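Student: Residue numbers (the UniProt record's numbering), protein chains in the order written: chain A, 1 to 242; chain B, 1 to 292.
Careful: at least some of the hints might be erroneous.
For each label pair, taking beta carbons as the anchor points, the in silico distance ranges come out as [as the list claims (entries may be wrong)]: (1) Arg17(A) x Arg84(B): 30 to 38 Å; (2) Ile191(B) x Arg67(A): 23 to 31 Å; (3) Ser284(B) x Thr222(A): 49 to 57 Å; (4) Leu117(B) x Gly90(A): 46 to 54 Å; (5) Gly14(A) x Thr169(B): 30 to 38 Å; (6) Arg166(B) x Ser142(A): 23 to 31 Å; (7) Gln99(B) x Ala57(A): 29 to 37 Å.
According to the in silico footprint, chain A covers these stretches of chain B (three or more CB under 8 Å from chain A) [stated by the list, open to error]: (8) 146 to 160; (9) 177 to 189.
Just so you know, these hints were derived from the structure itself, not from any lab.
The model shown is predicted, which means the values in this text are computed figures rather than measured ones.
Positions of the beta carbon are idealized from the N, C-alpha and C atoms, including for glycine.
Single-letter residue listing:
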Amino acid sequence: MSSLSIRNLTAGYGRVRVLADLSMEVRGGETVALLGTNGNGKSTLMRCVMGLLKPAAGSITAEIDGRTHELAGAETEEIVGLGIAMVPEGRRLFPRLSVEENLTIGASRRVARRSLARNIDFCFETFPRLKERRSQLAGSMSGGEQQMLALARALMSEPRILLVDEPSVGLAPLMVRRTIEKIKELKEEKRLTVLMAEQNFHQALGIADRGYVIVQGRIVFTGNSTDELNDNELIKKLYMGL
Amino acid sequence: MVDPLAVLNAVVAGVLLGGFYAAVALGIAIAFGMLDIPNLAHPAFVVVGAFATWLLNSHFGIDPVLAGFLMAPLFFLLGLALYRLYHICFERRGEASLQGLAFFFGVLFITEVGLVLSAGADYRSVSAPYIGASLSFAGMVLPGRMLVPFVVSIAMIGLLHRFLARSFTGRAILAVSQDQTALRLMGVSPIRIKTLAFGLANATASIAGALLIIVEPVEPSIGRDFIGRAFAVVVLGGMGSFYGMLLASLILGITESLVSDMWNPSWAPAIAFGFLLPTLAFRSGGLLGRKL
Numbered sequence: 001m002s003s004l005s006i007r008n009l010t011a012g013y014g015r016v017r018v019l020a021d022l023s024m025e026v027r028g029g030e031t032v033a034l035l036g037t038n039g040n041g042k043s044t045l046m047r048c049v050m051g052l053l054k055p056a057a058g059s060i061t062a063e064i065d066g067r068t069h070e071l072a073g074a075e076t077e078e079i080v081g082l083g084i085a086m087v088p089e090g091r092r093l094f095p096r097l098s099v100e101e102n103l104t105i106g107a108s109r110r111v112a113r114r115s116l117a118r119n120i121d122f123c124f125e126t127f128p129r130l131k132e133r134r135s136q137l138a139g140s141m142s143g144g145e146q147q148m149l150a151l152a153r154a155l156m157s158e159p160r161i162l163l164v165d166e167p168s169v170g171l172a173p174l175m176v177r178r179t180i181e182k183i184k185e186l187k188e189e190k191r192l193t194v195l196m197a198e199q200n201f202h203q204a205l206g207i208a209d210r211g212y213v214i215v216q217g218r219i220v221f222t223g224n225s226t227d228e229l230n231d232n233e234l235i236k237k238l239y240m241g242l
Numbered sequence: 001m002v003d004p005l006a007v008l009n010a011v012v013a014g015v016l017l018g019g020f021y022a023a024v025a026l027g028i029a030i031a032f033g034m035l036d037i038p039n040l041a042h043p044a045f046v047v048v049g050a051f052a053t054w055l056l057n058s059h060f061g062i063d064p065v066l067a068g069f070l071m072a073p074l075f076f077l078l079g080l081a082l083y084r085l086y087h088i089c090f091e092r093r094g095e096a097s098l099q100g101l102a103f104f105f106g107v108l109f110i111t112e113v114g115l116v117l118s119a120g121a122d123y124r125s126v127s128a129p130y131i132g133a134s135l136s137f138a139g140m141v142l143p144g145r146m147l148v149p150f151v152v153s154i155a156m157i158g159l160l161h162r163f164l165a166r167s168f169t170g171r172a173i174l175a176v177s178q179d180q181t182a183l184r185l186m187g188v189s190p191i192r193i194k195t196l197a198f199g200l201a202n203a204t205a206s207i208a209g210a211l212l213i214i215v216e217p218v219e220p221s222i223g224r225d226f227i228g229r230a231f232a233v234v235v236l237g238g239m240g241s242f243y244g245m246l247l248a249s250l251i252l253g254i255t256e257s258l259v260s261d262m263w264n265p266s267w268a269p270a271i272a273f274g275f276l277l278p279t280l281a282f283r284s285g286g287l288l289g290r291k292l
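So here's chain A without its partners, still in its complex pose (with noise of 0.2 Å):
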């Protein structure tokens, strides 16, 4: 099983400072929610831990299948290629490659690259819509279709730990639920460390194991368990209107 560390992590965009010394983990095989509302950081968090933005402090481990490293300073396709795999927020596929040509690229990754032909086929029986459109422009789908395709994209890379960054947004509620669910299945299938940040309450606690919630880059609160986070008085005022 395989686990990511973060400790201290302060980080930012110019002279504006998003994460404030935040230490967090996702330990292994676990499903973790990062809890908040936008602008308090969660995508930044995860954008340090792909390595696409270059913390100022602090360090981010990751421990996968018994060996450990450091991730603060690697290159992003280093990160990839060690087994951590992200559906970054807005989904971001190749809107002109069709939906094949899509899991194809994500499958670059060079141990993924001998099982491509296997992880298509998982991908169309998991998510049959993909099937059918498998020539189709990716950016002619639907939100929740482009939304299976790149979580499906992702997982063409084989990781060990999968970053979801909010999977909900621009989503019907109906399409919401389902992607969630899906979620869970696939990381129960592939046995999966997950991280998803999410400002759907309601959702991202119907899947995880344990949360953080988020508040101006800290971390204000941890839940150990979803019923801690879902009785927390600062959590009812703050997110869910109560």
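Position chain B against the provided structure of chain A, taking the given hints into account.
Tutor: Just chain B now, kept in the frame of chain A:
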């Protein structure tokens, strides 16, 4: 009364000419159509390829097509270096559009002057058994100096198309201009992919140059004749589509050939463009472009 056989011959000559145009435009179809790099200097590199072919042919008697392929690896390396320079000076700072255009314009002039200084301003030509010969078939005449470039061009385009469609690197080349961050998240370095693709684009200039000097004698600034045509067929064919570019090249070649044979050679390019431009009004993504 128009002689149908003359029309047929003009069409056939146009197809062969169009196939050759496509070889010149291929590098631009990659650099501009897939990487968004406005490489105005590509036709100048085609002329460099033609002079390199002339050198190998006149000194060592090497077949021009073979010479083009022999020089291709060198052109590939030159392409890698040129892209790196472009990337460091402009692309990395986000100043790629206008400054990049000026950069490649400068490279075009430097290349031409370099050619004049090193090889002189004279017309050069090559010799090969097929250049003077021709095939006759059902009343049609297929001159070897047009037929060989056509066949080589089609083969080169077909091979590169296959490479792009079937290999991981190829698919990454198709994707790189659409979302570089997403490509990094797939574990692929966009800069590495663009460098490689630009190298490939430049390698085609070596072969297109060999074809050019088979088609006609070459002097250093002759590449300028092709800048407009090459960019036009890439845009009209549909950015990123080789077969669209080939189709647009064939339409351009056939129209030019018909107009110059049947009416007046001076009007050929103008009418050919006039014929192609309306396609953009009806298909804004080009003839075969991938459009959402």
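Student: Each hint should be assessed against the structure and marked as holding or not.
Tutor: Checked hints:
1. Roughly 34 Å separates the CB atoms of Arg17(A) and Arg84(B), a value that falls within the hinted 30 to 38 Å.
2. Between Ile191(B) and Arg67(A), the C-beta spacing of about 28 Å keeps the proposed range 23 to 31 Å intact.
3. The hinted range of 49 to 57 Å is satisfied by Ser284(B) and Thr222(A), whose Cβ atoms lie roughly 53 Å apart.
4. Between Leu117(B) and Gly90(A), the C-beta spacing of about 52 Å keeps the proposed range 46 to 54 Å intact.
5. A hinted range of 30 to 38 Å holds for the C-beta pair Gly14(A) and Thr169(B), which are about 35 Å apart.
6. Between Arg166(B) and Ser142(A) the Cβ separation comes to about 29 Å, which falls inside the hinted range of 23 to 31 Å.
7. Restraint check, Gln99(B) to Ala57(A): a C-beta distance of roughly 36 Å satisfies the suggested window 29 to 37 Å.
8. Counting residues of the region 146 to 160 of chain B whose C-beta sits closer than 8 Å to any C-beta of chain A gives 0, which falls short of three, so the coverage hint is violated.
9. By the rule of at least three residues with a Cβ nearer than 8 Å to a Cβ of chain A, the coverage given for the region 177 to 189 of chain B holds, with 11 such residues.
Consistency with the previously given hints fails for number 8 only.
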